[in-house]
Each structure stands twice: as C-alpha cells, then as structure tokens.
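Novice: Whole structure, please, built from the sequences with the hints as guidance.
Per this note's numbering, the first sequence starts with residue 1, numbered consecutively.
Fair warning: there could be bad hints in the mix.
[To be verified] Simulated pairs of lysine to any residue, SDA-like, Cα-Cα distance not exceeding 20 Å:
no.	residue 1	residue 2
1	K919	Q731
2	K131	T61
3	K273	G108
4	K600	G577
5	K758	D732
6	K131	E170
7	K164	I50
8	K636	S583
9	K288	M385
10	K602	A774
11	K873	I924
12	K288	E364
13	K143	T244
14	K132	D150
15	K778	G601
16	K53	D270
17	K132	Y62
18	K101	G271
19	K273	K209
20	K636	L648
21	K617	A774
22	K594	G577
23	K209	L239
24	K598	S583
25	K636	P674
26	K870	I924
27	K598	K617
28	K209	L231
29	K697	T890
The set of hints was computed from the structure by calculation and includes no laboratory data.
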Amino acid sequence: MSVKERLGLTTEPLYLMDGSAFIFRAFYAMQSMQRSDGFPTNALFIVTRILLKFLKDEQPTYFGFILDGKGKNFRHETYPEYKANRSATPEPLVQQLDPIKQAVRTLGLHLEISDNCEADDCIASLAARYKKERPVIIIGADKDLKQCLDENVFMWDPGVKQEKLTTLAEFREETGLEPSQWADFQAIIGDSSDNIPGVPGIGPKTAEKIFADYPTLEAIRDNFDALAPTLQKKFADHLENMFTFRTLTTLSTAQCDSLTLDHFRIDPIDGDKTADFLREYELRALLKDVAALAPVSAKVNTPATAKPAASDKPAAKSGTGSMQLGLFDAPAAPAAAPVAGHGSHAPEHGTNGNANRTSSLKLEDVTDVSALPDCSGKRIALVPMGEMLKRPECTMPSLLDMTAEEAKPEACIINVHVEGSDREYRYSGSLTALAGYATTADTVIAPDVKALLSIKSGWRSVESSRWFDLGLAAYLLDPEDRDYSWRRLSARADEFEVAAENPAQLAFALADDFMRRLQGADLVTLMRELELPLIRVLADMEEIGIHIDGTAFTAFLTEVQRELDRLTKAIYEAAGGSFNIRSAQQLGDLLFNKLGLKPKGKTKGGQISTSQAVLEKLAGEHEVIDLILEYRTLEKLRSTYLEPMPRLADAQGRIHTTFNQLATATGRLSSSNPNLQNIPVRGQFGPRMRACFTARKGCKLVSADYSQIELRVLAHCSQDPTLLEAFRNDQDIHSSTASVLFDVPTTEVSSDQRRNAKTINFGLVYGMGPQKLAQELKISLTEAKEFIERYFSKLQQLKAFYEQVEANAKEHGYVTTLIGRRRNVPEIQSGNNQMQSQARRQAINTVIQGSAADIIKIAMLRTAQDAELKTLKARLVLQVHDELLLEVPTENAEAAARRLADIMTGVHPGGTALDVPLKVDYGIGDGWHEAH
DNA sequence: GCGAATGA
DNA sequence: TCATTCGC
Numbered sequence: 001m002s003v004k005e006r007l008g009l010t011t012e013p014l015y016l017m018d019g020s021a022f023i024f025r026a027f028y029a030m031q032s033m034q035r036s037d038g039f040p041t042n043a044l045f046i047v048t049r050i051l052l053k054f055l056k057d058e059q060p061t062y063f064g065f066i067l068d069g070k071g072k073n074f075r076h077e078t079y080p081e082y083k084a085n086r087s088a089t090p091e092p093l094v095q096q097l098d099p100i101k102q103a104v105r106t107l108g109l110h111l112e113i114s115d116n117c118e119a120d121d122c123i124a125s126l127a128a129r130y131k132k133e134r135p136v137i138i139i140g141a142d143k144d145l146k147q148c149l150d151e152n153v154f155m156w157d158p159g160v161k162q163e164k165l166t167t168l169a170e171f172r173e174e175t176g177l178e179p180s181q182w183a184d185f186q187a188i189i190g191d192s193s194d195n196i197p198g199v200p201g202i203g204p205k206t207a208e209k210i211f212a213d214y215p216t217l218e219a220i221r222d223n224f225d226a227l228a229p230t231l232q233k234k235f236a237d238h239l240e241n242m243f244t245f246r247t248l249t250t251l252s253t254a255q256c257d258s259l260t261l262d263h264f265r266i267d268p269i270d271g272d273k274t275a276d277f278l279r280e281y282e283l284r285a286l287l288k289d290v291a292a293l294a295p296v297s298a299k300v301n302t303p304a305t306a307k308p309a310a311s312d313k314p315a316a317k318s319g320t321g322s323m324q325l326g327l328f329d330a331p332a333a334p335a336a337a338p339v340a341g342h343g344s345h346a347p348e349h350g351t352n353g354n355a356n357r358t359s360s361l362k363l364e365d366v367t368d369v370s371a372l373p374d375c376s377g378k379r380i381a382l383v384p385m386g387e388m389l390k391r392p393e394c395t396m397p398s399l400l401d402m403t404a405e406e407a408k409p410e411a412c413i414i415n416v417h418v419e420g421s422d423r424e425y426r427y428s429g430s431l432t433a434l435a436g437y438a439t440t441a442d443t444v445i446a447p448d449v450k451a452l453l454s455i456k457s458g459w460r461s462v463e464s465s466r467w468f469d470l471g472l473a474a475y476l477l478d479p480e481d482r483d484y485s486w487r488r489l490s491a492r493a494d495e496f497e498v499a500a501e502n503p504a505q506l507a508f509a510l511a512d513d514f515m516r517r518l519q520g521a522d523l524v525t526l527m528r529e530l531e532l533p534l535i536r537v538l539a540d541m542e543e544i545g546i547h548i549d550g551t552a553f554t555a556f557l558t559e560v561q562r563e564l565d566r567l568t569k570a571i572y573e574a575a576g577g578s579f580n581i582r583s584a585q586q587l588g589d590l591l592f593n594k595l596g597l598k599p600k601g602k603t604k605g606g607q608i609s610t611s612q613a614v615l616e617k618l619a620g621e622h623e624v625i626d627l628i629l630e631y632r633t634l635e636k637l638r639s640t641y642l643e644p645m646p647r648l649a650d651a652q653g654r655i656h657t658t659f660n661q662l663a664t665a666t667g668r669l670s671s672s673n674p675n676l677q678n679i680p681v682r683g684q685f686g687p688r689m690r691a692c693f694t695a696r697k698g699c700k701l702v703s704a705d706y707s708q709i710e711l712r713v714l715a716h717c718s719q720d721p722t723l724l725e726a727f728r729n730d731q732d733i734h735s736s737t738a739s740v741l742f743d744v745p746t747t748e749v750s751s752d753q754r755r756n757a758k759t760i761n762f763g764l765v766y767g768m769g770p771q772k773l774a775q776e777l778k779i780s781l782t783e784a785k786e787f788i789e790r791y792f793s794k795l796q797q798l799k800a801f802y803e804q805v806e807a808n809a810k811e812h813g814y815v816t817t818l819i820g821r822r823r824n825v826p827e828i829q830s831g832n833n834q835m836q837s838q839a840r841r842q843a844i845n846t847v848i849q850g851s852a853a854d855i856i857k858i859a860m861l862r863t864a865q866d867a868e869l870k871t872l873k874a875r876l877v878l879q880v881h882d883e884l885l886l887e888v889p890t891e892n893a894e895a896a897a898r899r900l901a902d903i904m905t906g907v908h909p910g911g912t913a914l915d916v917p918l919k920v921d922y923g924i925g926d927g928w929h930e931a932h
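Specialist: As structure tokens, this is what we get:
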C-alpha cells in the first residue's frame, strides 16, 4: 500500500526527499560496485533503485529531490566548528554525484540545489510553505527534520532494515515533545555528526524530564534557580552556548522562496531514455523496473563499452583456427564439434581459412526468459557477467527490500546464446526462470557450474550430464594453471586459437576447442563420468556444511588464551624485555643477537630461520626456547582455528567450506574458507580440536578412511612383490618394508628401523627428494642418498616402475593416473638437473597421489548416489583426501558406516579392481575425534 | 611436496 | 611477499 493511502490522504501530497542523506546512506550501504571500466556505481545504483521503486509504488504527482547547496551557510558563520568533524567526501562518491543528478532528471523528477542552503533547510522551508495547501511527506531519516512534523507534515523513511512512517501523533508519543521543541532539545543533548557538543552530562532521558517542566531553553534559563543542584552545575557554564546551538539545530523556513508547486510536478518517465542511461552505467538489473513504469523499446544495441561495431573489425586472427564457422548458422552446423554428451561425434579439424567468417551476434537486453529463443534439444552457453553470489539470502542488508541478487546487479546478468540464433542476450531477469529454461537444453555450457549450483536458484534441475564446465575442461587439459576463472579463460582466447565477439559466443567457441582436445587426450570419460557429476556432490556438501560445538570452541579458546597470556609474560621475563613473539624477525633478533645463540640454518629468502626444527635443536640452550615453541603451537591453534571457526558458523552452528575442484595439479580437492582439510588431528590438542566438530542433534558422525591408499596404489602400479605381498596379507607395510630393507624378519624389526622405513615410504608418496629425506631422518645428504639407493636395490620392481614413469613422461611430456587423468611435466626435458629431478618427482607423485584422488572421488560419487545411504538419510559432509565424513541419524549410523566402507572398498578405478585390496577403517561418534 | 591460512 | 605450520 502506498504511503499516501496509509495516511488516508485525499489531496495529492508534495514529496520532499532528503537526497544528500540518501546518497550517503546508499554509498555506505553497499561496498564496491563498479562499471566494467572501474567507475564506481554503488550509490548511483541504490539511489536509482529507490527512486524507481518509489515512482512505481507511490505514483506521486509532486516530488522534489533536495541536495545540499554549495557554499557556507548561516550555521558556519554562527559556529565555525559546525560539521568540522566531517571528513572529506570519498572520491568514489564524489564521482557519482553528477550521474545521480542525471538519473534524477532522466526520471522526470525535480532536482533542487539551492546555493548556501542545506537540504534540510530547504525541506523545512518548503514544508512550512506548502503544508497549508496540501500534505507534505518528507522522505528522509535525519532527526533534525522531525521539527517539521505537523498535522499535515509526515516523515517517511524507506529504511535500510525497516521502513518507518512518522506522524505528529507518533512523534509526541515517542518523545513527549512538540516538534517546535525539537531544536531546543537537540541543542541540549548535542549532535556528534554535526559537531555540536550540547550540554555535557545531559542525555535524551534527562532532557525529556527537564522539558516536561520547562518547555524551552528560555524557560530553563529563567528558572535556573529552580533546577536541581546537580543540573544547575551541568548547565551553569552552558547557559549561553545552548542558545548558539539552537540556532544551529533550528532549520530555516525562509529558503527556496522562488519555487512554486509547478517546479515539483513530475514529468512522465521516458522509458528508452532511462534504459539508455542504465545501460551506460551498466545497471541493467534496473531495466525491468523501468519497464514496469514505461514502455521500453526492445532495443538491439551494441555492447555498452563503446566498442566499434563488430563488423568493423577483422573477425579473427588470420591464420588461426576460428571455431565459429557455421556454428551459429541455423539449422545445423556439421563442421563444429557438438559439445559434451548425447551422441557427440569426433570433430573435424582443419578450420583454417575460415577466419573471416566470424558471425557477429547482435546483443539484446532481456529480462524475461520468454524473450529467449526456444533451446529445447539445443546447446546453449550461459556466461555470468559478474561474480556469482553464493547463498544470496544471507548477505548484506538491503535498502527498500532489495534482494541481494538485485543489490549486485552485474551479478545477475547472464549472457545467453542459443545454438543457431543470431543474437546474444544479456539476461537480467530471474535466475530461477533461467534455470528452468536451461533444463530443456541439450547441453548447457558455463564457465563455472558449481557457482551456478551454489546460488540455489533451481540450477540443480539441469542434469549433470547436460553441463559442460569450461573451467573444469581447462583444468583437466592442464591442471597446473592456478586460475580457471572466466576472466582468465576469456583472456586466453588467442592462446586457444579461438575468437568471438561476445562472451557467450566465446564460451561456445572455447567449449568446442576444449572438447576437441579432451577427446584427443582421452579425458572425456573422466570429465563426464567423474568430475562433472562430482560438481553437484561438492555443491551439496558445501551447502550442508558441518556442525560445530560452539560452546566447546569458546571454552577451548578461553583456556588457550589464558595459556598464551601466561606464556607471553614468561617469555618477556626470560627474554628480559617485550617484543612481538609472532614476528620471526624480532624473534631471530632476540635469539641470535641478544641472547647469542648459534643460528642453525637459513630460510629460502636468506633470513635466519626460527622454524620449529631450528628451535628444537636449540632447546636446552635457553629457557625461552621451550616457551616459544609452546607459544607457537597455541597461537597457531588460536589464530587459525579457535578464533575464526565460530565466526564462520551459520545460525544452525554449521560451517560451510568451499571445495575447490580445480586447485591441485594432482587431481586432489582442496578446501578453503575455511580449510577443513587441515584441522589438527595429532599432538596434544588434535583430539580436543576434532571433538569440537560434531553431528547435529539426533545424528552421529561416521568417518571412513582408506588405509595406506597411496602405497596400495603404488603396489598395484609397480607390481613390486614386497609391497603386493604385504598388502595382500594385510601386514604392517612399514614393518614389511623395514624387514626387506634391513634384512631382518618382520617380527624382529626395531622401532627405529620401522620409523626409517615409514619415513622413506612417506617420502616416496610425497615425492620427497634426498635433501628432504636427510632433513627428516636427521642424517646427512650422502647417507640419505645411500639409503634411497639401498631401498631401490631391495625393491627392484618399484625401481623399474619409477623408471618407466620417467620414460613415459619424457616420451609424451605428461603422465597419467589410473583412470587417465593427466598432468603435463614439460620440465622433465629440462637441461637443468634440479628442474629435471623436480619434474621426475612430480611425475611419480602425480601418478600415485592422483590415482588415489581418482579412487576417493569415485567413492564420493557412489556414496552420494547410493540408494541405501539415501534411505538411511546419510549425508556427505566432508572429504579429507583419504577420508569421508557422513552425518547420519543415530539409529542408522552403524548401517551407514558399513555401507560407506563397502562402497569405498569396492571402488574399481577404470572398471577393474586393484591388485591389492583397498582397506577402509571406519568409526562412529558424536564428534569427529570419536568417529575417526 | 602441495594447498591453505596467518601475521608481520 | 615471506616465514611458518597444519593436514594428507
């Protein structure tokens, strides 16, 4: 219901908006939003959004958008300190002032800026003048404006959180004051934003009581003797000041006298002009609001970023293959490779010579899926033109009921192209509607599918098999890159020998190129059957999150903090002074200069190392060392886990990590925001830490992890008899290795021998070099090399496998895992010995670790799709490389655990079982520690 | 060795 | 950016 209806007005009101205040509020309500050239648009967007909504809801006739006029006004003359505490207006806001003024005028609204006159005074003057003939509704929240309230003057604040309509009666009710007293009231209590101190010691509550007896400043002064002694004391020094303050808090009613009502009459909005303005500033999310007010021509326009028309440019780099040929010519495009799934055929190569046939697509803005061409059975490309917002419903507060989706307008613009169409659409309508539309497509090409699934707008209704994820494809083709964002992929178009005028068109071209290369590298099955379906599993896990025990976290943090305080004191005492213990530099200075300890090594950057290893060597030389080691441990615990985790929990106490599928060169997943894959497990505090991760009420956590999965993979790949036998007989692998290595029966392996064998086994898995091994085993480099030599002479078959991997890498330039995942290792050809060794270790490490990653990914997919686990209501919540964590209703926990272990054990990568059994340990508990 | 996070 | 430390 409109405001004028709520007030029951019969005469058309005059609306006066405190524009300056709204601009400020808008600017700070939303951080960073900008046009593609970097021009800030956050305040412009919100102000325009407010005005559009206002016009639509209120259907006003008279309206004024009032801004502060330039120059000093009477207040500065009266009181030089007036607003002296205001810092300079931020530059990004200044830049937006002119566009905002332009927006107001474009919408057909009156803009009022009177020199030497603040917006408030202008509003007060106009209100005082027009309230005699019609209602006045002041749109604003500034408390100074309350003095304008009257039988016929109202205040309305559309509000950040909640809108508020204030009438005279409500004002009286709330304050017990009359509007005419408001300036007096403010003069006493002060106003920090205007730098008016008021009378010290008098707050709103005291002031209200005083005003009940003495309704004006004059009355207070005249009855000074009658005031309570305490009040007398407070007022004594300010009896004159408060009158000065009142001249500041009193709004002038003598301004803007040349304005007539006609100035405020609203002109009809010009839909096309407004739409052009919005496009200029890339505020396309508002187009639909304009369309609701006035007709907007369905305009086919060139890109907003003033590029020359597409046809003016040479279409593609000559001589390079352009993928567009025929792609967009209806009805069929036989030369192009149909992307992903559904009977795709081998593509034709040899696209050279067609470079000039780039078909340039016309761009069209649409806000409704009904304006998009039918895509059933066709391929479509969807390219979000901004960052997608994850979980939009719990982001920032919004003005005027904005959803966060609207608040970040560029985020919900998606460029759409449908195979065979001569258009590319800039879609700014409902994402849910677009998702529904995409459901009918044969294939949906997008740069980042998980980002779409995560915004919860119905994208999960598009079957996994219909997606083509450009980032994923690029990752599978070359997992070494750090960045598979659309920004980067589109910037690399030249490198991929692909060209297109528009984003969605480019997505098509890239998809075709990637598909061709995936087929060439035999990666299509891996993508379609594992990685692509896994996206949905990861999105689900992220959304579900893991429950934490907030109370346990808090208690833990308190204890750790107390210990840290104690250690800090002890360290300062032992060190003979205070310093920043967290600073490696200051710590080094203390240890090696002030205390004269001997440095035990340097860091990569040449600084003296203060690492744990060094400190441990120094232990016993000075009492601070132990204290510092303990401090480090606790500080790590506090800063990395205890402090941040509870803050990341949602209202249900659950933490939602992000699983990155495109992060590692070997094929493993990574976790971030927060990283839940490095929660402490060992050490003094590991168990307690993990116990803080719990199942929700009525549920248990089920943890299942592969035992020695990398070494089992290694046994399978190398067929080394020592390893095969050990695993087939379910023996302790490190003891078995030690037994062979040191020529002693398994039963007589010493704990030292076992530990050495374990270290080298580990080293193999992680691609450790002799240097690292020496460090780890605390032996010399020569000894380490000899040790490795001995190891390989005892495990001949393993050695042969390593050599084979190396030869393979040298021959092809890449290595592959059990199911054909690839990693390029070009440095294996390097003349640099160091580089070559590094590449060799990477090659081997990738085969082992990558194959293990394949196995657990397959297990994850099976787990997520398993009907039995579904009926048991078991939900995957975490993956930690070789471990899966489920949350299951207590009564089903045991069954789910057994089922999960079965699934994990039964993984057959590439269709056949490994030559050694996969062993899985599992547990059940309320917390992660107990379950593990 | 890798990936993530923290703090100077 | 570097140094450090957690997990696997």
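Novice: Look at each hint and say if it fits the structure.
Specialist: Here is how each hint holds up against the structure:
1. The straight-line distance between the Cα atoms of K919 and Q731 is roughly 12 Å, inside the 20 Å bound, and the hint therefore holds.
2. A C-alpha spacing of about 16 Å is found between K131 and T61, which places the hinted pair at or below 20 Å, so the restraint holds.
3. Restraint check for K273 and G108: the C-alpha separation of about 10 Å stays at or below 20 Å, so the hint holds.
4. With a C-alpha separation of about 24 Å, the suggested pair K600 and G577 falls outside the 20 Å cut-off, and the hint is violated.
5. Using a Cα cut-off of 20 Å, the hinted pair K758 and D732 holds, with the two alpha carbons roughly 10 Å apart.
6. This hinted pair checks out: K131 and E170 have alpha carbons roughly 18 Å apart, not beyond 20 Å.
7. Under the criterion of a C-alpha separation no larger than 20 Å, the hint pairing K164 with I50 is consistent with the structure, at around 15 Å.
8. Restraint check: the Cα-Cα separation between K636 and S583 comes to about 13 Å, which is no more than 20 Å; the hinted pair holds.
9. Restraint check for K288 and M385: the C-alpha separation of about 17 Å stays at or below 20 Å, so the hint holds.
10. Between K602 and A774, the direct Cα distance comes to roughly 16 Å. Compliance with the 20 Å bound is thereby established for this hinted pair.
11. The hinted pair formed by K873 and I924 meets the criterion: a straight-line CA distance of about 15 Å does not exceed 20 Å.
12. Proposed proximity of K288 and E364 is supported: the alpha carbons are some 14 Å apart, at most 20 Å.
13. The suggested pairing of K143 with T244 holds, with an alpha-carbon distance near 19 Å, which does not exceed 20 Å.
14. For the hint linking K132 to D150, the alpha-carbon distance of about 10 Å falls within 20 Å, and the restraint holds.
15. Taken as a hint, the K778 and G601 pair is honoured in the structure, with Cα atoms around 14 Å apart against an allowance of 20 Å.
16. Between the alpha carbons of K53 and D270 the distance comes to roughly 16 Å, so the proposed pair stays at or under 20 Å and holds.
17. Distance restraint check for K132 and Y62: the Cα-Cα separation of roughly 15 Å lies within the 20 Å cut-off, and the hinted pair is therefore satisfied.
18. Pair hint K101 plus G271 holds up; C-alpha atoms about 17 Å apart against a cutoff of 20 Å.
19. For the hint linking K273 to K209, the alpha-carbon distance of about 55 Å lies beyond 20 Å, and the restraint is violated.
20. Proposed proximity of K636 and L648 is supported: the alpha carbons are some 18 Å apart, at most 20 Å.
21. Annotation: proposed proximity of K617 to A774 holds, straight-line Cα distance about 15 Å (limit 20 Å).
22. Between the alpha carbons of K594 and G577 the distance comes to roughly 11 Å, so the proposed pair stays at or under 20 Å and holds.
23. Distance check on the hinted pair: K209 and L239 sit about 18 Å apart at the alpha-carbon level, within 20 Å; holds.
24. Taken as a hint, the K598 and S583 pair is honoured in the structure, with Cα atoms around 19 Å apart against an allowance of 20 Å.
25. Proposed proximity of K636 and P674 is supported: the alpha carbons are some 15 Å apart, at most 20 Å.
26. Proximity of K870 to I924 is assessed by CA-CA distance (about 18 Å); at most 20 Å being required, the pair is judged to hold.
27. Between K598 and K617 the CA atoms are separated by roughly 10 Å; this keeps the pair inside 20 Å, and the hint holds.
28. Taken as a hint, the K209 and L231 pair is honoured in the structure, with Cα atoms around 11 Å apart against an allowance of 20 Å.
29. A C-alpha spacing of about 9 Å is found between K697 and T890, which places the hinted pair at or below 20 Å, so the restraint holds.
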